[in-house]
Amino acid sequence: MNSHQQANRFTQRELQVIMSGGTRLENANPLIFQRSGDRLLTATDEDEDAADPIDDREIFDLIRSINDPEHPLSLEELNVVEQMRVNVNDEESTVSVEFTPTIPHCSMATLIGLSLKVKLLRSLPDRFKIDVHITPGTHASEDAVNKQLADKERVAAALENSQLLEVVNQCLSTRTM
Amino acid sequence: MAADNSVLLGLVEEFVSGQVDSKAAETSTGVKNGQFTILQLVEALGVSLSSSQPQTRGRGVQLLSQVLQECYSSLSEREVEVLLAFYENRLKDHYVIIPHVLQGLKALTKCSVLPPGSAVSVLKSIFQDIHVQSLMLAERSCVYNILISLMESKEEELKGLGADFIFGFVQSVDGERDPRNLLLAFQVARNIIQRGYDLGKFVEELFEVMSCYFPIDFSPPPSDPRGITQEELVLSLRAVLTGTSQFAEFLLPLIIEKLDSDIQSAKVDSLQTLAACGLTYSHKELAEFLPGLWSSIRREVSQTASERVESAGLSALSALVSCLSRSVLNSDSEDVLQVFLSLVLKDCQHHLCEPDLKLVWPSAKLLQAAAGASYRASLIVSAAIIPALLEQYNNRTQCAHRRTLLEVLQGFVQPTALSRPADGEDSVLVAFQQSLCGVVFSALTESSAGLQVTATRVLSALGQQPGLMAQTDVEKAVDHLSRLILEEDDPKLSSAVVECSGSLAHLHPKAFISRLIPRLKEEILSGQSDAAVRQRCVTALASVSSLASVVQESTPVLLQVLASAHTGSCGFSVEEVAAVCISLQKIAEHARDSEEIGRFFHDIIIPHLLGLCLQAALQTRDAGHSSPLTDEAVLSAIVPVMSTACAALRSESASRMAAQAVSLFLDGDVSFLPENAFPSKIQLLQSRAESGGLSQLVCLLMACVCSLPRSVEIPEIDRLLLQLEDLSCTCTHLFSFTSAAKCFAGLVNKRPAGEALDAVLERVMKRISVELENTSSGQRTQAFTLLLWLFALLSDPTLGSQAADGFGVLMSDCLDVLNRGCHADVRIMYRQRFFAENSTKLVQGFNSAEQEKKSCYLKALSHIVSNLPRQVQLTELPALLPLLLEALSCADQAVQLSTLSCLQPVLLEPPEALRNQLEALFSRLLALTTSPAMKVRIASLQCVHALSRLPEHTVLPFRARVLKALAVPLDDKKRLVRKEAVAARAEWFLLGSPGGR
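Sequence lines, in order, name chains A and R.
Counting from 1, one number per residue, gives the positions in the first sequence under full-length UniProt numbering.
Counting from 1, one number per residue, gives the positions in the second sequence under full-length UniProt numbering.
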């Protein structure tokens, strides 16, 4: 019961943020970083018999093109995600992703975290345990956000809210240029 | 005559009162073949034209107009004058008549004999009596068409109307909404502007009435039969808006305003329009708006995430700068280009120097776009930027920073088509020549591969411009490159180094001959280095050999490698030898451009190769020692070397080549081979069992003779064909008889049609029918004859599958013999015709075949279909769909793969027939996502991905099933498969979800 209430609170708070975020940019002039190129194809990639373990770059490729909720930019271009902050262990089936909000008071942090989490949930085999959290020391309410993102039930409840799901889907849809 | 008259009256009566529309066509036929004149028609119409009922009058005018539309070209000037006066008068008539009047006028204005003054009076009446925008769509279009035809034929008269014409047009077009009519209106406006009509005081009005559509936002309705695209509208409006500099003062502020828009296509359109302005405007029009335009462009380029906006912004900037560069300098005014560029430099330069290098890329791209616009602009920008960049580079110590700076520098070093110095001008970089070379050489010695790769690119760019590298610099560069080739094993770096060597060797061959080739030769032949190093050396040799002087030095080294591989002295593996042959082939490709290289191959390389192969074969036969040169893989690699070189031979050496090759293979004449130590009577085309080693050399014969131009006469061709036929039918060695068959096919293909050819084909046909078991040697005869055999074989259970593969051979371009490069006679549309002739037979065969033989038909079908050009596939596939679906459940992986590759493009625009088959399609595709073959898994996932774009209501029912099935390939062991699975699953998640699609 208790957790359900929390889940609702989380959703409400997120909704407020989304509504206010539409009108005013919090960080109007962010730094833009270069996009990295596509992963180069190697001979092993094309070898039928060789198994390619899931590695950091593969996870990074999954999340780098996620759109930022308030800028027409990808998380990679804003340096919110970096390959060095991705850790995967294929054998133990664990993934850990740290993300860095552009400013310490960024109210979009939970939403970005949620998008990352959803993207990984949709793209990885379900044997993986997925951990998404804020790079330590880069956000004012780091603990609260991390806690929300780690709670399966709250994430599930959030995704049942159609407005929230809409925003997450927009972040995850491939941009048409 | 009287009879005619009554006929005419009858026709008129039936049309007007009887409402029989078809009578109009009969009347115009009558007028056209001289049965009645227009005058008679008007007289016959008399009563109805003067009737008091508007409907009757309308009907009368309609008949006249419809006849005129057919017969306007045969009217005399007098008739036109009278008719025009009538029609002008009718414009004032009842509204139901107006549409027919306009149709008639439209026909009349197309006449070549318009009387003088008529254009003006027609237009005046139209502008006066008609309110265009209250007419229906078709009538509005009539008015625009009248304007267009009059502008074609009576330009002078219309210009005499002056601003009244412009005003009339502005009034009639104001408020137009239909895209079809807009295209016409834009055309009129473009004519007005481009043909120098005087706009008078209506410049702003004309601009307003046109610019209200800018930027165009048009999405054609689905299944639009007219096929008007957004692109078409955008381009024709752009031609109007940017057509004259008189619009500048209105257009430029509008562009600045629209650049603030949130819609990406509006931004791109604005920027592209601005770029188009750069072509027609001069600095006078631009001057006032430059700061505003610059700040908008800068904002768009540095903030956008879209590459389209970015590249449109950069080309707009480039167009502005090149426009300013064209401006003529006044002695008293300041240089506008200088002023503008200093603004650009002021805003961008400091970003290049900031410690964290943020915003370095957008700024660099802007500066490069400005510098690339003209030689003068590049002088100004380079003078400011290059020293700053060089200084930055020297101050930084981190490799990543240095690499970024060097990449930026590269953009400035490479001149664009516009900024290339004219003859007699120095490169803008001459002043920095030494420091640039210094930076590049220091970067080449760094430890970071990325930095080194960038350095090689800068080096190629420098080397390509005269005067930027002194002789000593070139030598130093060559030394660096040789060192990198020998020492660096990073694949990206070595391919960059090889590429750079190739481009420099083209300009500075001497340095490469004296320094690089000897070093590589020593390394390759030393026998101590490992295979990877030798491979890099060989690749580098191939890439530097584009000039005859270099080829003469480098190919002997490669030949020496082959020779020592033969003697077994250096321990070269078969793969290495084949790689050497591939390098030789790359060099041989240059023979097409340089006759000298071709001659060198003819005189030296080909005889040496033939000699080596022959030696190897003889030695194997006699001594049992096996040389790598008898390996099929190596021989197959030597074939393209020879055929590439022979294809480039000019007539005289080509005939000599043919004669030499034929006498060698037919008579064992070895006189032209080097190191003449061969036994005198060698018989190369005999298929005795023990000479398998010799008979496979027939592939070399094929390489020599089949790629020669068709004009070259092959001596003793009949004897040759006979021997080849024998060999291909009796030899039991697969490689030998396939090569012999290919060689045979190549020669037959080159023969002119005629009795001789028919006789040969007939003989072969007979022989094949006797010896059916050898038919798998593919291309023995021309496609048509062989096809019959293959077809007969499909129902034979043992040979069926092999025969189906034969279809694959027929349909795909054969690399060795029958392609255009080898001067083969390839009939156009051969594949389409083949398909048309055979697909129905195959489908019938499939339907009547027994269950276990069906797969052969499917295989043949999928081979044929996947080799068809895409366009044909799209039109033919709906009919074949059920069969293809069947093919998906066939167990053969090759069939699955070729079927999937046909299906995927079709799924993007699915035919109606597919809608009913979705259930079957999904279950088959999803089953294939776990196939054992990686390529099948990838292709099926791509198809599943494509299906997500089908209309939502048709595929939504499958969503849950697809998502569940796609969870499995997410854990595939191959990364490429996982990538496709992720992409497909992401799209399917978005399907039918809020914020998705």
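There could be a bad hint or two in this list.
Here are the simulated DSSO-like pairs of lysine-lysine, each with C-alpha atoms no more than 27 angstroms apart in a straight line [stated by the list, open to error]:
id : chain 1 : residue 1 : chain 2 : residue 2
1  : R       : 124       : R       : 201
2  : R       : 521       : R       : 586
3  : R       : 492       : R       : 586
4  : R       : 92        : R       : 110
5  : A       : 129       : R       : 346
6  : R       : 284       : R       : 346
7  : R       : 964       : A       : 152
8  : R       : 365       : R       : 492
9  : R       : 979       : A       : 152
10 : A       : 129       : R       : 201
11 : R       : 510       : R       : 586
12 : R       : 201       : R       : 159
13 : A       : 129       : R       : 964
Everything labelled a hint here was simulated from the structure, so no lab data went into it.
* Asked: Does residue 201(R) pair with residue 159(R) here, judged by a C-alpha cut-off of 27 angstroms?
  -> holds (15 angstroms)
* Asked: Is the hinted pair residue 129(A) and residue 964(R) satisfied, with a Cα-Cα distance of at most 27 angstroms?
  -> holds (19 angstroms)
* Going straight from one Cα to the other, do residue 492(R) and residue 586(R) come out at no more than 27 angstroms? -> holds (20 angstroms)
* Agreement of residue 510(R) and residue 586(R) with the hint, judged by alpha carbon distance not exceeding 27 angstroms -> holds (21 angstroms)
* To do: Sort out whether residue 152(A) lies within 27 angstroms of residue 979(R), counting only the CA atoms.
  => Holds, because 26 angstroms separates the two Cα atoms, which is no more than 27 angstroms.
* **Restraint status (C-alpha distance of residue 92(R) to residue 110(R) at most 27 angstroms)** => holds (22 angstroms)
* Asked: residue 521(R) and residue 586(R): Cα distance at most 27 angstroms?
  -> The hint holds at about 18 angstroms.
* Could you grab the alpha-carbon distance between residue 284(R) and residue 346(R) and see if it respects the 27 angstroms cut-off? => holds (23 angstroms)
* Hint consistency between residue 964(R) and residue 152(A) [alpha-carbon to alpha-carbon, up to 27 angstroms] -> Roughly 20 angstroms between the alpha carbons, so the hint for residue 964(R) and residue 152(A) holds.
* Asked: Within a Cα-Cα threshold of 27 angstroms, do residue 129(A) and residue 346(R) meet the stated pairing?
  -> Violated, at about 51 angstroms.
* Does the structure keep residue 124(R) and residue 201(R) at a Cα separation of 27 angstroms or less? -> Given pair residue 124(R), residue 201(R) holds - Cα atoms ~19 angstroms apart, limit 27 angstroms.
* Decide if the proposed pair is consistent with the structure: residue 129(A) and residue 201(R), CA atoms, cutoff 27 angstroms inclusive. => violated (73 angstroms)
In this structure, the earlier hints numbered 5 and 10 are contradicted, and the remaining ones agree with it.
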